[in-house]
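Protein chains in written order, with my numbering: chain A, 6 to 310; chain B, 3 to 679; chain C, -15 to 303.
Incorrect hints may have been included.
[Claimed, not checked] Here are a few chain C residues that face chain B, going by a calculated C-beta distance under 10 Å: (1) Leu24; (2) Leu32; (3) Glu40; (4) Ile44; (5) Ile59; (6) Tyr63; (7) Glu113; (8) Arg146; (9) Tyr147; (10) Leu149; (11) Leu151.
Calculated from the structure, these hints are not laboratory results.
Glycine included, every Cβ here is placed at the ideal spot set by N, Cα and C.
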Amino acid sequence: MSKALRQSLSSVAGVVLGKEEQVRLAVACLLARGHLLIEDLPGVGKTTLAQTLARVFSLQYGRVQFTSDMLPADILGVSVYDPDNREFHLKEGPIFTQLLLADEINRTTPKTQSALLEAMEERQVTLDGVTRPLPDPFFVVATQNPVTQTGTFPLPESQLDRFLMRISLGYPAPEMERELLAGGDRREAAEQLEGVLQPQDLVKLSRAVEKVHVSADLVDYVQRILEYSRACGEFVSGLSPRAGLGLLRAARAWAVLDGRDYVIPEDVQAVLGPVCEHRLQPVAGGSALGAGQQLLEAVPVVRGS
Amino acid sequence: MARVYQVPRHAMLWMMLAVILAGLPHVITGPAWLGGLLVGAVLWRWLIHRGRLRMPRRAVRLALLGAMVGGIFYHFGTLFGPTAGVSLLVGAFALKLLELFRLRDAYVVIVLGYFVLATTFLHQRGALAALYVLVVLAVVTAALIGINQPESGGRARDHIKLAGVMLLQSLPLTVLLFLIMPRIAPLWSMEADESRARTGMSDSMAPGEVSDLSQSDELAFRVTFEDEAPPRAQRYWRGMTYTRFDGRRWRQGGLGESWRTRDLFFPGRGSPPQWWEQWRDQRARPTYTYQVVMEPSRRRWLYALAVPFSETEDVGVARDFRLLREKEIDSTFAYRVTSYPEMPRDYRLTERQRQRNLQLPAGFNPRTRARAEQWRSDAATDQAYIQRILDWLGREQFYYTLQPPELGRNTVDEFLFDTRRGFCEHYASALTFMLRAVDIPARVVAGYHGGEANPLGDHLRVRQRDAHAWVEAWLPGQGWVRFDPTAAVAPSRIEYGLDRALEEQGSQGAGGVLDNLDQLPLILQMGYLSDYVEFAWYKWVLGYDQGARLELLTDWLGKVNPVRVGLALTAGLVIIVLPLAAWILLQRRAPGLSVWQREYWRMLDLLRGEGMRVHPGVAPRDLVERVARRNPSAAEALQTWSRDYERLVYGPHPGDRAAQQRLRRERRVVRRALRRR
Amino acid sequence: MRARLRQWYARWLRRRIPPAQRVALDRRRIFIFPTGYGFLFLAIAAMLFIGGINYENNLIMAFSFLLTSLFVMAIFHTYRNLSGVVLRAGGQEPGFAGGRGSLEVVVDAGDRRWHRSLWLRWPGGHQRELSVGPGEEISTLLDLPLPRRGRVDPNRLRIHSRYPLGLLRAWSLVDLDHRCLAWPRPLPGGACPASGGSTDQGQRNADAGSDDFRGLRAYVRGDSLRLVDWKAYARGQGLNTKLFSDPVEGRRWLDWDQLPELAPEYRLQRLAWWVLELDRQNTAYGLLLPGVVLDPGQGPNHRRAILEALALYGLGEGD
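Please work from the sequences and hints to get the whole structure.
Listed below in structure tokens is the structure:
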């Protein structure tokens, strides 16, 4: 299993060049059964990453490009009257897939956003009183433009909490960029990828993630991180218990990727930024360091009093 | 008006408790309304603290103060003296709570608290009282710590913890100072505590009085023998002699008219009188040396076996072989005695002594007189005569009882021929009368007999119920000889004690049910224990006077002079204070960490000590990276350590002791590698 | 004589606690002495001792010894509370000369113990009380008077603590090698000392502030709140900042040479006032001082840069 995992990791990294860290985080997010938010400028490979993930894990893949005139029905689906049977039946929207790439989610209206996010959270869709479960596994990889760009509807904090991680890809390093330019279209490369794992494997892996051992010392560390984020005064509001659970889940997945059956503080620290930063709003005039880095440096790994 | 000072919330509890607890003992000794004042002031202050009430106005405060002072004056009739003064202090202490305007006022309350607490010892001196004071001291100190930490982050239980720790740390130094600091004589004389009536022997004796005394379980004194104690039958603790008889009552005689004359009393200082020098020359073995710790009796006489010599300060000796103190014993008093029981006493009597010991009032007890004269003429010697009386007492139907019947005018006649029921004073009185009636000088001696051994403290307890009276007769060629008529009537009184004697005589004991309770092993043990604690408390704390101090210091230092004492004090200070200081200052880690957590901090300390900048959030693997940049070989060792650490602390199988030690060894390797560079 | 003594004391302190950006309080740097309350406490102990002698009461005597010992232990505890604290110079909050500025001090529990109730202040400033826990660091801004413009030496930081019993005071005087920038005190009035563009326009346009509206962009931290499109915010469209294009002809240069009638120090003060004034009107402005040119710009950072240039002008302390 871990061999297959390694192989899938390197497959993804072979397509998304020079982004090992982010690829690893994205895979960890999938293993932890969390949704992923990628925040970046257009054209840095968000779509490629999502597509590659889908290929490697042999997931059914769907993509929605969000626009400002989109309605919830465009994603969830509509009830259509079937004159032959004289009844309504549900025409499934693009959300009924295993891995949904929700592109530029902050371009659409809050109404549509919340429709998607609620479906994400509940893993089911209710239309006209009929509830239909979404496929299992089900992941959303949403992308978002930097909030400073015009014409966007930033996701409210409560919605952001539904994403386990937020990562950004950034421009590739110069040599990687050269390779990328020389190597032809990445999307094509992605489409040519063979599936390394099957969706059932992913389900099994997520079960393994849940079994990863978390010692009392580590729980203590995570708890002190939460407490510090609330007490330090650097953030408008601290991390919620849900964030803490997410942090532990992500750290477990990270440990699995590392081939360990227990979590160490490094695992927590590795996922700390992606898991926490989109949930923490710094107060005005706060430290210039990223929230993750700030927490990491300020909270002792080992209890000191 | 300035903002009212707010006692920090975390200090409030201690502040209130401090006031109530420090004031409490004084409520018991002082007027009862003082307790109401204390509680009221605390309550009032509490409501102010909660914002329910305003601070009282100046006029109100003044009125309260006036009322308090007036109340004290009304209760005691004065504002001066220790008791009234302390009550005044407690009142002011409570009222000061309503005057907390600034931090300074809070400080004043605390200082008053310390003072009030100290004055508890004016009335209460037991070990329990001291324990109580120590606990309250911790509370007062906790309040002081609380008000010194104004920010809201303080926690009440941290204060009491720190206060407790600081007090415990202070104890060794306190003990040293207590043992070594010289005891100076009082700088000015203090008015003694107001007198309270005490049970005990008085300076006169009438039939029925000693038996009354025997109903009391109260402690009279404790004795510790340095070597062997004399057998029970020989333990006659002489207190006073009665020579004057008015037909009913026996009194101390003679001393009144010529008190302090050197013929009758030697105070132990100055050149000894001739009679005492004679005694000294006649001293003969065996000897008993012992210490007596006497409960306050409000009398001057002390108890000792015959013939006593004492070198304790203030203790003198009287011509009738008794010890006397120059002033009344108003607090527990200890003295050392060496007794020579076999020593002859007064080969010769002066005419005056003789007359005094033959005195009898005319016209009393005609029947006894007649009987005495008849028997004397029948007997060949004085001894034979006395023996006949004792035999008669033993043979005839005489009863030894705590409930003797009332006697009329001729006490001895009625007792010997009619009632025949009596306690030791009846027998002693009767025998003395019969001796004097035939010109044998005799006197009643009062004191205690026996005493119960406490196996825990290796000492004897002599209680009021051991009170006894017997007879001394002067016989030519022998001097004063002790005769105990009670022994003839109830031998077990002398051999085994009062309870046994009464039992045998078919009479109920003094304590009734309680008495039987006393015999239960557990109760008995508890009794011994509490008696022992009390005794040890007295011996080492209350009674630790200049003499005891000198004795102890002589043991330690060989010789006591200011230089040596100074040196000992310095050495003690160094020995006690340095380790404590090191403990306080060098104690680095916060308590409550697991061995693993400590291990991690030790590693961080080690790296920081080598000048590396390590923030506390650094995880084990990062450490390796950081070290690798500076010192690859150390990084390798650190890698081993951090891998193991990780596995042991975060892995599913927690590490054991062996793993701990391995980690520690690995840390040492890291240290060596770091230092080698 | 007193001046000599003070000089000698300052030299001695300098040798004992040399200036440094980071100072750990240790044996050499901590002084300790009983407080008035401490002396009162000892006096009470002495009184009880005498009382114990006079009443021949060993317990009262023991009580007085216990108080004395408590005092001795308090020495170590008080010292311990201050020792191990690490002080670091942090940022600064400049102010105008004649007013107050503040300097940041970072208090760090160097060892893993509590250091409670520490009082800190700069000479002439207000004091603040704080406690640091094990492994914690707390930064605090402490104000200080700024008597003149330039980089003001705040003198030594006073840190003291009387915890736990208030019987003793442990203190240290630490030179954190810290300076607080003091801008020139604004001198109101006069005509706008601006060159470039036309002076009168500078004045006229000042109130209007109506440069060409260019568009909106999402609010980023640091944007002036005056530029936020509040109406749009009220409609729920989020925080957006209005953008204006700077009219080329409206750029103003605040010019030293435009104030020939004032003495140099007053010129700086007048310039400082106009900096504030133009900033208030959201006008772009630059600065011309002899040997110093700062391009026109806007916003709080620009204002700070300009004020700093004014503060340091001619003091030879540029950095």
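For which of the previously enumerated hints does the structure constitute a violation, in increasing order of number? Per hint list: zero violations.
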